[in-house]
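Asker: Each chain, letter by letter, is given below.
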Amino acid sequence: MNRIKLDAWVGIFVALGLIALMGLAMKVGNLTSNDIKTTYYVTANFENIGGLKPRAPVKSAGVVVGRVDSIVFDTKIYEAIVTMSIDERYVFPKDTFANIYTAGLLGEQYIGLEAGGDPDNLEANDKITQTQDAVVLEKLISQFLYNQASKEEE
Amino acid sequence: MLSFFEKIGGAIRSKITRLGAATRLFFSIISYSSDSFKRFNLTIREIYFTGVLSLVIIVVSAFFVGMVLGLQGYYTLQKYGSSEAIGVLVALALVRELGPVVTALLFAGRAGTAITAEIGLMKATEQLSAMEMMAVSPVARIVAPRFWAGIITMPLLASIFSMVGVLGGYVVAVPLIGVDEGAFWSQMQANVDFNYDIVNGFIKSVVFGIACTIIALFEGYDAPPTAEGVSRATTRTVVTSSLAVLGLDFVLTSFMLTV
Amino acid sequence: MQKDLIVSIKDLAFGYAERQIHKKINMNFHRGKVVAIMGGSGCGKTTILRLIGGQIKPTSGHVEVDGQIVHEQGRKGIYELRRKMGMLFQHGALFSDLSVFENVAFPIREHTNLSEEIIKDLVLMKLNAVGLRGANQLMPTELSGGMARRVALARAVALDPDIIMYDEPFAGLDPISMGVICDLIRTLNDALGATSIIVTHDVTETFAFADYIYFIADGIVAAEGSPSDLKKSQLPFVKQFVHSQKDGPVPFHYQANDYLQDLRL
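Respectively, the protein sequence lines represent chains A, B and C.
Yeah, the first sequence ends on 195 if you go by this note's numbering, and it's all consecutive.
Yeah, the second sequence ends on 260 if you go by this note's numbering, and it's all consecutive.
Yeah, the third sequence ends on 1118 if you go by this note's numbering, and it's all consecutive.
This list has only true hints and no planted wrong ones.
Under the rule of at most 30 Å between Cα atoms (straight-line distance), these lysine-lysine pairs were calculated in the BS3-like manner:
hint, chain 1, residue 1, chain 2, residue 2
1, C, LYS886, C, LYS863
2, B, LYS39, C, LYS929
3, B, LYS39, C, LYS973
4, B, LYS80, A, LYS94
Because the hints were derived from the structure by calculation, they are not lab data.
Isolated chain A (complex conformation):
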């Protein structure tokens, strides 16, 4: 095998590999659809985050606007502090409502932001005060059973 032919084959191979890697990044992964380059952080306190995990999406009106950056437990107030990184392109009023929702019945959990009416906008490192906890299935079920039982007693 002469040198030029060999080099050409290796060139083709390396190019194919790089194209595949690009393809994975662009088409399969979220490098394009989600190129949140510049973000700002906001925090929110929850009494119960359910199954929320870091990197879970933050959505508003169903559109992904950011991701959960970190979740820590605050021992002073015994609440979870969730830090979200939000795409700079999206701004929200100060009285935005943060809910933890579940995608489908058994799907992953995400944070939904519902814009309020405040004329001032949230700024970097602000705190969202109005939050709603995750719905915990066990609680719902036990509540339901308790109600049933008390109804029967009547």
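Based on the hints, put chains B and C in the right spot on chain A.
Answerer: Okay, now just chains B and C, sitting in the frame of chain A:
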């Protein structure tokens, strides 16, 4: 009874000795690598033998693996009414696990055995000795280029495997089963994270590349210089590489999931 | 006398953990001579070549090449010494992935920065010397055993070494090839002004062209001298070897228990 324990002890000792010898080979490759980078055409030649010649088996297997994942995924997911998630399933399975692991296993079988047999044969026919007597280090001239070729080749092959596998899954899901094309890709993109899933898969394949190549090289370099010795070394390459890949995969995955 | 001494071996001992191969070996090799090392199979003849080449280290004693003690050299020093040596391996040890031309060009390419033109001329000259200039584009697998060894010889002398070592150059060759190799060893040695060290057990060929012969047995030099001296030697071992007698100091039977006892008679 005593001889039983003696045997076990002996076996463990010989394994540890071989591990030590392999580590020594690894460091001598590193120390000779500047020589082999100066003559990169040797490495390019080896990329041809390990990479280009493995391309067909990688592409064909990836396509079938992707199609099977698509089919199996569909039959499970449709029970829960979420057959659009098939893209996510195929992509995550490939990018995180199957891409790097199956590529490494195929690499061990295709390129690893070739490396072991070639070096073992060169040793058996005194070619390595002859090289040494010509004041040319076989580690610099023969071993190091193959090592670097393996490290460069493996992540590229794994990327190709994952991409072709996703395409295989696409072929089954979209034209054959009729999953919505937009949902297939958008669900995939929403759930496959570049930094997390793709980069981690890439890191895995680099580690597997190092492991498989060093095992193949060591087995060849260490093979008894006879026809029987070389054939046994070739078998050992496949067995050891496969076990190493699966074991390392577990270790790496557990690291990646906790961090 | 000392000046033309190129390789000397002093009180050399070598062995592996379980087996002592050389006990005490003393040899001297002079410039321009063809010296043969003879002995039965497994007596450590090839090991001596490896010791000269610095591929293994002696347990005691030393090998001196061109005034330098081989095993005390670092990697660089040994590589420096090896550039003065050429070695012909038992089966040629040609690089199977390179053509005949590239095999001979290999040491030249590795150790010099000559232009492609000059390399081509040099390689063709070397191949011409062994009569295989026409075969330069063949691959090693296409060569016969004798041809492969001639190519390997061309490769061994590619850098005009001072010392040429031959490991069993006649093993497995037909009489014609054998004659060719004999002739080449002598002519190349004289043309290059080199020293040839030949490890072999082929008595007739060796006695015909060697200048000096060492016999090794039981880890020591059992006999030495010119071929004509050795032919007249009355040492039982040399007599057995030179006249290829079945039994003698080297017994036909491997060490064993009493025959009758083994057969339970």
